[in-house]
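S.K.: Chains as they are written, first to last, in numbering that gives the first Met the number 0: chain W, 0 to 198; chain C, 0 to 198.
Do not take every clue at face value.
You can't tell identical chains apart in this list, so a pair holds if it fits in one copy or across any two.
Here are the simulated SDA-like cross-link-like pairs (lysine to any residue), alpha carbons at most 20 Å apart as the crow flies [claimed, not checked]: (1) Lys81 with Gly186; (2) Lys131 with Ala183; (3) Lys81 with Ser98; (4) Lys111 with Phe24; (5) Lys101 with Ser191; (6) Lys111 with Glu137; (7) Lys101 with Ile91; (8) Lys81 with Tyr97; (9) Lys14 with Arg43; (10) Lys111 with Asp30; (11) Lys112 with Gly16; (12) Lys131 with Asn9; (13) Lys106 with Glu1; (14) Lys112 with Asp10; (15) Lys81 with Phe24; (16) Lys81 with Arg8; (17) Lys111 with Thr82; (18) Lys112 with Ser180; (19) Lys141 with Ser110.
Keep in mind the hints are simulated off the structure, nothing from the lab.
There are 2 protein chains.
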Amino acid sequence: MELLEKRIRNDGTVKDGGILKVDAFLNHQLDIALFEEMGREFARRFAGEGVNKILTIETSGIAIAALTSKYFDYCPVVFGKKTVSLNLDDEIYFSDVYSYTKQQSYKIMVSKKYLCPEDRILIIDDFLANGKAVESLEAIIKQAGATLVGVGIAIEKGFQGGGDALREQGVHLESLAIVDSMTAENGISFRSQGENLHE
Amino acid sequence: MELLEKRIRNDGTVKDGGILKVDAFLNHQLDIALFEEMGREFARRFAGEGVNKILTIETSGIAIAALTSKYFDYCPVVFGKKTVSLNLDDEIYFSDVYSYTKQQSYKIMVSKKYLCPEDRILIIDDFLANGKAVESLEAIIKQAGATLVGVGIAIEKGFQGGGDALREQGVHLESLAIVDSMTAENGISFRSQGENLHE
Numbered sequence: 000m001e002l003l004e005k006r007i008r009n010d011g012t013v014k015d016g017g018i019l020k021v022d023a024f025l026n027h028q029l030d031i032a033l034f035e036e037m038g039r040e041f042a043r044r045f046a047g048e049g050v051n052k053i054l055t056i057e058t059s060g061i062a063i064a065a066l067t068s069k070y071f072d073y074c075p076v077v078f079g080k081k082t083v084s085l086n087l088d089d090e091i092y093f094s095d096v097y098s099y100t101k102q103q104s105y106k107i108m109v110s111k112k113y114l115c116p117e118d119r120i121l122i123i124d125d126f127l128a129n130g131k132a133v134e135s136l137e138a139i140i141k142q143a144g145a146t147l148v149g150v151g152i153a154i155e156k157g158f159q160g161g162g163d164a165l166r167e168q169g170v171h172l173e174s175l176a177i178v179d180s181m182t183a184e185n186g187i188s189f190r191s192q193g194e195n196l197h198e
Numbered sequence: 000m001e002l003l004e005k006r007i008r009n010d011g012t013v014k015d016g017g018i019l020k021v022d023a024f025l026n027h028q029l030d031i032a033l034f035e036e037m038g039r040e041f042a043r044r045f046a047g048e049g050v051n052k053i054l055t056i057e058t059s060g061i062a063i064a065a066l067t068s069k070y071f072d073y074c075p076v077v078f079g080k081k082t083v084s085l086n087l088d089d090e091i092y093f094s095d096v097y098s099y100t101k102q103q104s105y106k107i108m109v110s111k112k113y114l115c116p117e118d119r120i121l122i123i124d125d126f127l128a129n130g131k132a133v134e135s136l137e138a139i140i141k142q143a144g145a146t147l148v149g150v151g152i153a154i155e156k157g158f159q160g161g162g163d164a165l166r167e168q169g170v171h172l173e174s175l176a177i178v179d180s181m182t183a184e185n186g187i188s189f190r191s192q193g194e195n196l197h198e
């Protein structure tokens, strides 16, 4: 998605340790007009798949998922929670996930009430790197007996392999921008969109 | 806001310890069409205030803030972060907050880059109870030298006093539903909207 790639080039920063900082528009300050365009693009790429629920994970996936729902007939958005809260049900699905940027493991939890075997689920998230967050949501979808229709990602770090592993497993993965390499010196290079669309 | 009060009556549950569970539509499974209507209503209540930025706090405020932005010319949404991440800047504002539902204290952090003295800020959050989260965002706005235009809340727990304290301080607070009392036996009673609008 050219709009997103351009924005990453203009406002993203490559930092040491494989970190792409996009907090100016994607995960701290949020550009909602951009998120609407991303939602529209996800709808185009997953058209006809019968998506009736969007599943994401707190925190940075939530706003993107929220703006995407509109293009899937305002289907419900459910987000996996990372911390136990008095608001959470006793009956929950849970799964483990390791966060690269936070360098720690945690559990994600989804109340059993909000996933059912009839659900056709689109996972939405801001980043895909090693794929641990998506795997963990997949595990929860499996526990619920629901169907994973596809995975829509804003920025895939192509060089970390999580996306390619999902594709090999036959998951319908659509990443709006795939970073194939990035360094502070040489900038960012994206995998061509055509390549992505025709594979 | 009648639509929201009706939804709370239908799908909310009162639990022991002053907990109102609305995770069916507000803070775990999200009803995006409802959030759009809430955003439209915030825009009506804060019309002409020159809002150019929305500030919220992770996690449950984010989707409401995101759907509200559209009605303020797609102004940026910034959310206060609760955990240190490799993505966060070194230059941050921070403030302490105590969460009633999670029963622990934590810091919220906002990168200095995303708040400036010219900003006219609307705080948006899902719940207002004792007002600790709002106070903490106010402290950050003060540090940035920005202007707090108002506070828009989905559900205020009127009986916990945080909202009335903010009103006494002269803060322009608009809560779409104000719960004045609630028990598992007798259900929920709301403060009348007219009373709220004319005070």
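S.K.: It remains to establish, for every hint, whether it holds in the given structure.
M.R.: Going through the hints against the structure:
In the homo-oligomer, the alpha carbons of lysine 81 and glycine 186 never lie at most 20 Å apart, since the shortest distance is 33 Å inside one protomer and 30 Å across protomers. In the homo-oligomer, the alpha carbons of lysine 131 and alanine 183 never lie at most 20 Å apart, since the shortest distance is 25 Å inside one protomer and 40 Å across protomers. In this assembly of identical chains, the alpha carbons of lysine 81 and serine 98 lie at most 20 Å apart whether taken from the same copy (11 Å) or from different copies (15 Å). For a Cα distance limit of 20 Å, the shortest separation of lysine 111 from phenylalanine 24 across copies, 14 Å, qualifies, whereas the shortest one inside one copy, 33 Å, does not.
For the homomeric pair lysine 101 and serine 191, neither the shortest alpha-carbon distance inside one copy (29 Å) nor that between copies (45 Å) is at most 20 Å. Proximity of lysine 111 and glutamate 137 under a CA criterion of 20 Å is satisfied intra-copy only: 14 Å inside one chain copy versus 36 Å between copies. Only between protomers do lysine 101 and isoleucine 91 lie at most 20 Å apart by alpha-carbon distance; the minimum there is 17 Å, versus 24 Å within a single protomer. With identical chains, the CA atoms of lysine 81 and tyrosine 97 are at most 20 Å apart both within one copy (11 Å) and between copies (18 Å).
Taking the shortest alpha-carbon separations for lysine 14 and arginine 43, neither the intra-copy value of 33 Å nor the inter-copy value of 42 Å comes in at or below 20 Å. Taking the closest pair of Cα atoms, lysine 111 and aspartate 30 come within 20 Å of each other only across two copies (17 Å); inside a single copy the shortest separation is 32 Å, beyond that limit. Neither within a single protomer nor between protomers do lysine 112 and glycine 16 lie at most 20 Å apart by alpha-carbon distance, with minima of 39 Å and 22 Å respectively. Proximity of lysine 131 to asparagine 9 under the C-alpha cut-off of 20 Å is found in neither arrangement, the shortest distances being 28 Å within a copy and 37 Å between copies.
Within a single copy, lysine 106 and glutamate 1 get their C-alpha atoms no closer than 35 Å, and across copies no closer than 37 Å, so neither meets the 20 Å cut-off. Taking identical chains as interchangeable, the C-alpha atoms of lysine 112 and aspartate 10 lie at most 20 Å apart only when they sit on different chains, with a minimum of 13 Å there against 40 Å within one chain. Proximity of lysine 81 and phenylalanine 24 under a CA criterion of 20 Å is satisfied inter-copy only: 18 Å between copies versus 23 Å inside one chain copy. Proximity of lysine 81 to arginine 8 under the C-alpha cut-off of 20 Å is found in neither arrangement, the shortest distances being 31 Å within a copy and 28 Å between copies.
With identical chains, the CA atoms of lysine 111 and threonine 82 are at most 20 Å apart within one copy only, with a shortest distance of 16 Å there and 27 Å across copies. With identical chains, the CA atoms of lysine 112 and serine 180 are never at most 20 Å apart, being 41 Å at best within one copy and 27 Å at best between copies. For a Cα distance limit of 20 Å, the shortest separation of lysine 141 from serine 110 inside one copy, 14 Å, qualifies, whereas the shortest one across copies, 38 Å, does not.
Checked against the numbered hints above, the structure breaks hints 1, 2, 5, 9, 11, 12, 13, 16 and 18 and satisfies the rest.
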